[in-house]
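A.B. asks: Sequence:
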Amino acid sequence: MCANYEPINKDRVHLLDLLEPTFDYKADIYPGYDCPLIF
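The number in the working numbering is simply the position in the sequence shown, starting from 1, with 1281 added.
Keep in mind that the hints were calculated from the coordinates and are not lab data. A few of these clues could be false.
Stated by the list, open to error - Listed below are the simulated SDA-like cross-link pairs for lysine to any residue, each with C-alpha atoms no more than 25 Å apart in a straight line: (1) 1307 x 1289; (2) 1291 x 1309; (3) 1307 x 1293; (4) 1307 x 1290; (5) 1291 x 1317.
From a predicted model like this one, the values you see are computed outputs, not experimental measurements.
Based on the provided sequences and hints, a complete structural model is requested.
C.D. replies: Written as structure tokens, this is what we have:
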């Protein structure tokens, strides 16, 4: 199964009271890419 994801924008992280990620990541995320995750 193939899937891609759209991670949260850095300017919207504060809406969830989260810390802004300290690393760069791509706008579209595919399996194996580094990205911030929210559980």
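A.B. asks: Hints first: check each against the structure and report whether it holds.
C.D. replies: Tested hints:
no. : hint        : verdict
1   : 1307 x 1289 : 11 Å, holds
2   : 1291 x 1309 : 14 Å, holds
3   : 1307 x 1293 : 16 Å, holds
4   : 1307 x 1290 : 10 Å, holds
5   : 1291 x 1317 : 10 Å, holds
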